[in-house]
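Asks: So the chains spell out like this:
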Amino acid sequence: MKEIMAVVRMKKTGATKKALVAAGVAGFTAVKVLGRGNLVTDPKAIEECKEKLMSMGMDEFSEAGDTEKMVTSFLDGSRFFPRRLFTILVHDDDVPRIIEAITKANRTEYGIGDGTIFVMPVSDAVRVRTGEAGEAAIW
Amino acid sequence: MADVCDMLLIRAIVRPEKKDDVLAGLSSAGFNAATMVDVVGRGKQKGIKIGGMVYDEIPKTLILMVITEDAKDKVIGLILSIAKTGKEGTFGDGKIFVSPVDEVYTISKGTAGL
Chain A
1 MKEIMAVVRM
11 KKTGATKKAL
21 VAAGVAGFTA
31 VKVLGRGNLV
41 TDPKAIEECK
51 EKLMSMGMDE
61 FSEAGDTEKM
71 VTSFLDGSRF
81 FPRRLFTILV
91 HDDDVPRIIE
101 AITKANRTEY
111 GIGDGTIFVM
121 PVSDAVRVRT
131 GEAGEAAIW
Chain B
140 MADVCDMLLI
150 RAIVRPEKKD
160 DVLAGLSSAG
170 FNAATMVDVV
180 GRGKQKGIKI
190 GGMVYDEIPK
200 TLILMVITED
210 AKDKVIGLIL
220 SIAKTGKEGT
230 FGDGKIFVSP
240 VDEVYTISKG
250 TAGL
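Line order of the protein sequences matches chains A and B.
Just so you know, this note's numbering puts 28 at position 28 of the first sequence, and the rest follows in order with no gaps.
So this note's numbering is basically just the index in the second sequence, starting at one, shifted up by 139.
No wet-lab data here; the hints were simulated from the structure.
Just so you know, not all the hints are guaranteed correct.
Stated by the list, open to error - Simulated pairs of lysine-lysine, DSS-like, Cα-Cα distance not exceeding 25 Å: (1) Lys32/A x Lys18/A; (2) Lys248/B x Lys104/A; (3) Lys157/B x Lys32/A; (4) Lys52/A x Lys248/B; (5) Lys17/A x Lys248/B; (6) Lys234/B x Lys188/B.
Please read all numbers here as calculations on a predicted model, not as lab measurements.
Could you put together the complete structure from these sequences and hints?
Replies: Put into structure tokens, the structure is as follows:
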């Protein structure tokens, strides 16, 4: 018995749910969380990203310098972004299949911020309706 | 899949007003990645009694972090020292739970590992 914890983009909630149903897992618990990832230390990558964001330009709508301030705070890594945390209880054999499904549904071309999947051991589970415990309580 | 558990999930329940300090402290020590969620809960003091009212759903912030085993002492020490209020600590400062993590996958890279 394993617990899969997956932090994914808010926008990808629907895609993740669909992928889980396709993988044969219908049950999950989801909660809105705030998260941030590892710091990007490569200054070149940050500079590139900054240029891209700056060129999107909000200057017509906001005070001068506001965009730069916002973009900088966006990239310095200290900011938290809204994410969806899925908790899924699965049999040991299904772990690789489900991880593949979640990864496939959530990967984007941005190359960063797509989330993380954690797999943890669970010692027991009980279905409240019937009282059955262990592996039988999962599906 | 490694049999040896070398990654740990840290679940820290802290005061909401302390979360920014805790996260800033962790970030400057090199542990930037974290997930947080607002929760309510009570401890073994059974909540707070003010007058005749008992408040047993006290708002706290739950911080989730996955770290490698060798960073455990550092991270826990940091959270303990920052999240404590007053010199001796106070009831309601929170708790830290540590549990093993078998596998970690980063979706954007598509590979295993933190």
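Asks: For the pair supplied as a hint, Lys32/A and Lys18/A, is the alpha-carbon distance within the 25 Å limit?
Replies: holds, 18 Å
Asks: CA of Lys234/B to CA of Lys188/B, is that 25 Å or under?
Replies: Roughly 21 Å between the alpha carbons, so the hint for Lys234/B and Lys188/B holds.
Asks: Is it true that the CA of Lys248/B sits at most 25 Å from the CA of Lys104/A?
Replies: Holds - the C-alpha atoms of Lys104/A and Lys248/B are around 11 Å apart, at most 25 Å.
Asks: With the threshold set at 25 Å, check whether the alpha-carbon distance from Lys52/A to Lys248/B stays at or below it.
Replies: holds, 21 Å
Asks: Next pair to validate is Lys157/B with Lys32/A; report whether the Cα-Cα distance is within 25 Å.
Replies: holds, 20 Å
Asks: Take the C-alpha atoms of Lys17/A and Lys248/B, compute the straight-line distance between them, and say whether it is at most 25 Å.
Replies: Roughly 21 Å separates the two Cα atoms, so the pair holds.
The structure fails none of the hints (numbered hints given earlier).
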